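Asks: Sequence:
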Amino acid sequence: MAFFSSMKSSGFLLIILLQASRRATVFGFSTFLSRQGHWAFGTRITAARPVKSFYESHSSRAASSQNVQGTAEGATSSAGFIETDLRNAAMKLHTKEQAPREGQAISKKQADNIPTIQDYLQFLVDSKHVYEAFENAVQINPELASLRNTGLERVLPLEADINFIVDEYNIPRPTVGEHGKEYALLINELISDANGSVPEFICHFYNFSFAHLAGGRMIGKKMSSLLLNNRTLQFYKYGEDLPQLKSRTKSIIESIAATWTEKEKQRCAEATAAAFKGGGAINSYIL
Numbered sequence: 008m009a010f011f012s013s014m015k016s017s018g019f020l021l022i023i024l025l026q027a028s029r030r031a032t033v034f035g036f037s038t039f040l041s042r043q044g045h046w047a048f049g050t051r052i053t054a055a056r057p058v059k060s061f062y063e064s065h066s067s068r069a070a071s072s073q074n075v076q077g078t079a080e081g082a083t084s085s086a087g088f089i090e091t092d093l094r095n096a097a098m099k100l101h102t103k104e105q106a107p108r109e110g111q112a113i114s115k116k117q118a119d120n121i122p123t124i125q126d127y128l129q130f131l132v133d134s135k136h137v138y139e140a141f142e143n144a145v146q147i148n149p150e151l152a153s154l155r156n157t158g159l160e161r162v163l164p165l166e167a168d169i170n171f172i173v174d175e176y177n178i179p180r181p182t183v184g185e186h187g188k189e190y191a192l193l194i195n196e197l198i199s200d201a202n203g204s205v206p207e208f209i210c211h212f213y214n215f216s217f218a219h220l221a222g223g224r225m226i227g228k229k230m231s232s233l234l235l236n237n238r239t240l241q242f243y244k245y246g247e248d249l250p251q252l253k254s255r256t257k258s259i260i261e262s263i264a265a266t267w268t269e270k271e272k273q274r275c276a277e278a279t280a281a282a283f284k285g286g287g288a289i290n291s292y293i294l
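Start counting at 1 in the sequence shown, then tack on 7, and there's your number in my numbering.
Hints are computed from structural coordinates only; laboratory data are not their basis.
Since we're looking at a predicted model, the values are computed, not measured.
Careful: at least some of the hints might be erroneous.
Now the in silico label distances, taken between C-beta atoms and shown as ranges [claimed, not checked]:
hint : residue 1 : residue 2 : range
1    : Glu-269   : Asn-170   : 41 to 49 Å
2    : Pro-181   : Gln-241   : 17 to 25 Å
3    : Ala-201   : Phe-171   : 37 to 45 Å
4    : Lys-99    : Thr-268   : 19 to 27 Å
5    : Gly-203   : Ile-121   : 33 to 41 Å
6    : Lys-99    : Asn-177   : 43 to 51 Å
7    : Gly-203   : Asn-177   : 39 to 47 Å
8    : Gln-273   : Ser-231   : 38 to 46 Å
9    : Arg-238   : Val-183   : 21 to 29 Å
10   : Ser-231   : Lys-115   : 21 to 29 Å
Restricting the straight-line Cα-Cα distance to at most 27 Å, the calculated cross-link-like pairs of lysine-lysine (BS3-like) are [said to hold, decoys possible]:
hint : residue 1 : residue 2
11   : Lys-116   : Lys-284
12   : Lys-116   : Lys-99
13   : Lys-244   : Lys-228
14   : Lys-116   : Lys-228
15   : Lys-284   : Lys-228
16   : Lys-270   : Lys-99
17   : Lys-244   : Lys-284
18   : Lys-270   : Lys-284
19   : Lys-115   : Lys-99
20   : Lys-228   : Lys-115
21   : Lys-99    : Lys-284
22   : Lys-115   : Lys-284
23   : Lys-284   : Lys-188
24   : Lys-188   : Lys-244
Backbone N, C-alpha and C fix where the C-beta goes; we use that ideal spot for every residue, glycine too.
Let's have the full structure, built from the sequences with the hints guiding it.
Replies: Laid out in structure tokens, this is it:
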């Protein structure tokens, strides 16, 4: 099976960050935002048409085209590992509300919680810490060289946003919270530890990065409206055509996965729950 088949659409990533949180089922806002509109990242965040999950939207595009243009050699098939193994693993953690056709998880009621500017700043600080772990791992590991300078890097934009909020709202910069520390430690261990695993790292990298790239940007708009007088943070500005960025990065990941054994692919897919847990814990700051 190809790698992209398991991570079918933006829904997988959308749900990752919320799934593990004790205060919500998947990546997204609390009931406060749930009342505002439809689902993305496992949460209703807009008053427009329903937002498909990452996997649903990606498979819809795949069905309309037999080939996906990518820069990585050998990764032109639209049905890859992301669309099969990883997607299937993700659907087990989606609820019917998040993925009506394939969701399998039981819905959990989310507690009401309206985030403050301090909550959002903590979320950004912890997110930056985790992105640093991902970006450092990619730089030091030769097996991940093709994932360098993809355009998904967020450390510098997040630093700029953190400084802006601290200065603009005259609030102290918080230290990295336990959620950020714990998740970054896990990411580092997947690369440096004797029992580390590049396939597991790829699962976390894909889910965390694409969750922010997809539904996370819509969540950012809600936070901007609620807390920042509609200012768009640098965190959500990628500076290029997003479909091309997604396609190119997926092609790179498919090329990496094409070299794995079936056992390694299975290990990657089985890391999905941990990816949901790590991202969900960080997102709990704004749930």
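Asks: It remains to establish, for every hint, whether it holds in the given structure.
Replies: Right, here's what the structure says about each hint:
no., hint, in the structure
1, Glu-269 x Asn-170: 41 to 49 Å, "holds (46 Å)"
2, Pro-181 x Gln-241: 17 to 25 Å, "holds (19 Å)"
3, Ala-201 x Phe-171: 37 to 45 Å, "holds (41 Å)"
4, Lys-99 x Thr-268: 19 to 27 Å, "holds (23 Å)"
5, Gly-203 x Ile-121: 33 to 41 Å, "holds (39 Å)"
6, Lys-99 x Asn-177: 43 to 51 Å, "holds (45 Å)"
7, Gly-203 x Asn-177: 39 to 47 Å, "holds (42 Å)"
8, Gln-273 x Ser-231: 38 to 46 Å, "holds (40 Å)"
9, Arg-238 x Val-183: 21 to 29 Å, "holds (24 Å)"
10, Ser-231 x Lys-115: 21 to 29 Å, "holds (27 Å)"
11, Lys-116 x Lys-284, "holds (17 Å)"
12, Lys-116 x Lys-99, "holds (18 Å)"
13, Lys-244 x Lys-228, "holds (11 Å)"
14, Lys-116 x Lys-228, "holds (23 Å)"
15, Lys-284 x Lys-228, "holds (24 Å)"
16, Lys-270 x Lys-99, "holds (20 Å)"
17, Lys-244 x Lys-284, "holds (25 Å)"
18, Lys-270 x Lys-284, "holds (23 Å)"
19, Lys-115 x Lys-99, "holds (14 Å)"
20, Lys-228 x Lys-115, "holds (25 Å)"
21, Lys-99 x Lys-284, "holds (14 Å)"
22, Lys-115 x Lys-284, "holds (15 Å)"
23, Lys-284 x Lys-188, "holds (13 Å)"
24, Lys-188 x Lys-244, "holds (25 Å)"
In this structure, every one of the numbered hints holds.
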